[in-house]
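Peer 1: For reference, the chains in residue letters:
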Amino acid sequence: MRNIWTIYRKELNSYFVSPIAYILLLMFALIFGFFFWNAVGMFVYYGMESQMRGQMFPMNVNEQVIRPLLSNISVVGLFFIPMITMRVFAEEKRNGTIELLATSPVRDSEVIVGKWLAAVTLYATMLLFSAANFSFLFRYGNPDWKPLAIGYLGLLLQAGALLAIGTFVSTLTRNQIIAGAVTFGICLLLWVLEWVSGYETAAWARVLSYMSVITHYESFGKGVLAIKDALFYVTLIFLGLFLTARSMESLRWRS
Amino acid sequence: MITVKDLTKRYARTTAVDQISFSVEKGQIVGFLGPNGAGKTTTMRMLTCFLPPTSGNASIAGFDVLEQPLEVKKRIGYLPEMPPLYQEMGTSEYLKFVGRLKGLRGAELFARIDYVLERCAIGDVRNKLLGKLSKGYRQRVGLAQAILHNPDVLILDEPTAGLDPKQINETRDLIRSLAGDHTIILSTHILPEVEQTCQQVIIINRGKLVATDSVHNLQNRARGAESVLVEVGSRNGVLDPAAVEKRLQQIPSTARVVAKQSRDNRHTFEVETAAKDGSTRADIARAIVESGWDLNELRPAAVSLEEVFLQLTKAEASVEKLAAKGGQS
Ligand SMILES: Nc1ncnc2c1ncn2[C@@H]1O[C@H](COP(=O)(O)OP(=O)(O)O)[C@@H](O)[C@H]1O
Ligand SMILES: [Mg+2]
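Protein chains in written order, with the working numbering: chain A, 4 to 258; chain B, 145 to 473.
If you're looking for bench data, these hints aren't it; they were derived computationally from the structure.
Source: prediction; values computed, not measured.
By construction, the Cβ of each residue, glycine as well, lies at the ideal position given by its N, Cα and C atoms.
Careful: at least some of the hints might be erroneous.
Mimicking EDC-like on lysine to aspartate or glutamate, the simulated pairs with C-alpha atoms at most 16 Å apart in a straight line are [what the hints assert, rightly or not]:
| no. | chain 1 | residue 1 | chain 2 | residue 2 |
| --- | --- | --- | --- | --- |
| 1 | A | Lys231 | A | Glu221 |
| 2 | A | Lys96 | A | Asp111 |
| 3 | B | Lys276 | B | Glu232 |
| 4 | A | Lys96 | B | Glu314 |
| 5 | B | Lys218 | A | Asp111 |
| 6 | B | Lys279 | B | Glu252 |
Just the calculated beta-carbon pair ranges, DEER-fashion [to be verified]:
| no. | chain 1 | residue 1 | chain 2 | residue 2 | range |
| --- | --- | --- | --- | --- | --- |
| 7 | A | Phe37 | B | Gln231 | 33 to 39 Å |
| 8 | A | Trp8 | B | Gln212 | 21 to 27 Å |
| 9 | B | Gly250 | A | Leu242 | 37 to 43 Å |
| 10 | B | Gln343 | A | Ser112 | 36 to 42 Å |
| 11 | A | Thr124 | B | Asn294 | 29 to 35 Å |
Sequences are here, hints too, so could you generate the full structure?
Peer 2: Put into structure tokens, the structure is as follows:
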């Protein structure tokens with residue numbers, strides 16, 4: 004436990020002493036800010052429209068603002084994840100500091116979990132910026148907070164799974180750019196897999212679309228806590244971290 | 145303290161380390177000597193549990209590197225070929241992190257950091273970023289990192305590589321001063337380094353163990369028994385080196401005479417003697433003076449490790465050649 008904490012603190016520090024954390028946070032804040040005010044603007048516009056026509060459409064902040072925004076984040080997140088994980092192990096390999104970690108009395112699993120938790124923390128910090136925007140809605144409207152909380156839980160689970168995969172990819176190379184690019188490719192693939200369900204209903208298509216991380220976000224986005232979707236993400240997290248551990252071990256056999 | 149038995153590491157194509165065995169006593173400084181590519185780094189990585197051996201085993205303080213890696217890791221300090229520094233960390237911040245990794249906490253951690261800052265003379269860069277340090281300082285921070293948790297065994301991979309002569313001397317002094325408390329194994333491809341720093345030497349070449357002995361014995365071994373250098377001259381007429389050589393050979397206690405060089409009517413010979421009591425030197429002196437020549441110099445021949453090394457590795461190479469020939473025919 005103490006070793007995980009030691010690694011975690013060091014990792015988090017290294018994110019925040021380099022510009023990378025600030026660039027990510029700033030970019031995310033800008034992009035999300037744009038989405039948010041766009042969504043709010045649309046909401047207000049349709050609200051006035053329906054009043055002018057005299058028809059009273061049921062207007063719902065949760066349905067019409069929060070839900071689409073959450074699924075936006077879940078897609079935008081795919082682009083940020085590679086930038087968070089690309090250096091995790093690649094840099095340790097390039098600097099030779101992997102030799103320090105691997106010859107200190109700590110377990111590989113402690114190193115991996117510490118690093119992964121730090122990556123998740125950075126992502127959660129990013130989400131905090133979006134939450135700041137949502138707090139605005141609570142000030143002026145009266146949305147339901149429960150679906151929002153479940154939506155955020157889903158975002159964290161989804162990111163946790165992708166960050167675990169990114170961490171694994173980062174053990175495969177000493178080149179950060181390669182690690183980032185490959186992770187990006189995998190994230191993108193895991194997103195678009197879902198598209199096959201648009202035209203095909205055969206078993207293979209169902210399997211492929213089941214593999215898509217986005218599919219499993221739908222229920223969370225609706226504010227429903229579906230155990231099977233949560234399990235999917237948790238399984239992916241374990242798989243990613245397990246592969247990372249195997250890779251660290253075989254890195255020893257190879258290098 | 146360190147026991148290595150038939151340790152072997154094979155990569156896809158090369159056998160980097162081939163069945164080497166040796167052991168190191170507590171408190172010793174051992175030089176691990178070999179040319180580039182000999183397998184020094186690979187061996188050290190196996191000792192530090194960074195790489196698993198293909199076969200054979202190694203143990204440190206009684207703990208096997210494969211069976212109980214955590215126990216081994218607690219007891220070693222390792223300075224890899226490239227000091228494992230985080231460029232964006234400050235010196236004391238880095239030492240704090242390493243100390244925690246090694247299991248130090250609280251007051252003990254801070255006391256040890258102060259100690260190594262002083263011991264490795266890096267106190268003046270304690271707040272500097274590691275990425276901004278000069279090569280000499282980087283190497284010393286690397287060393288500080290290795291001794292931080294006061295490990296029983298220090299494993300240093302080419303600790304003086306890339307340093308200037310002054311820094312090399314400082315680093316050697318530091319390493320020598322660490323012996324006693326720690327058992328030290330350091331690798332190098334520079335021969336004088338072993339002569340100056342180490343008590344014991346392990347020579348490897350192309351993955352194979354060539355020799356392991358104390359520095360003193362190894363020098364003696366190459367020299368055979370005892371040998372002396374004699375310089376003979378003459379002030380009346382040209383001196384025939386063959387005549388001198390013949391005269392030297394007539395001395396009963398000489399085993400072998402080798403002509404070394406001839407210049408300006410002065411000839412140098414190396415005389416190997418069978419007698420260990422030094423009586424040969426007196427015999428040589430008398431023989432030369434009685435022949436009417438001048439005895440310009442008479443001193444024991446100090447064999448450098450360099451020669452030992454060349455002799456040993458040459459012998460190794462010729463054996464291999466023979467084996468290769470045998471295999472072809
Ligand atoms: N990761 C590796 N993969 C394949 N061969 C390697 C690897 N590391 C070292 N070698 C080979 O093993 C041999 C010994 O290397 P090394 O232990 O680094 O020697 P030294 O440290 O004595 O210079 C060399 O021939 C080298 O090419
Ligand atoms: Mg080396």
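Peer 1: Sort out which numbered hints this structure fails and list those numbers smallest first.
Peer 2: The structure conflicts with hints 4 and 6, although it agrees with all the remaining ones.
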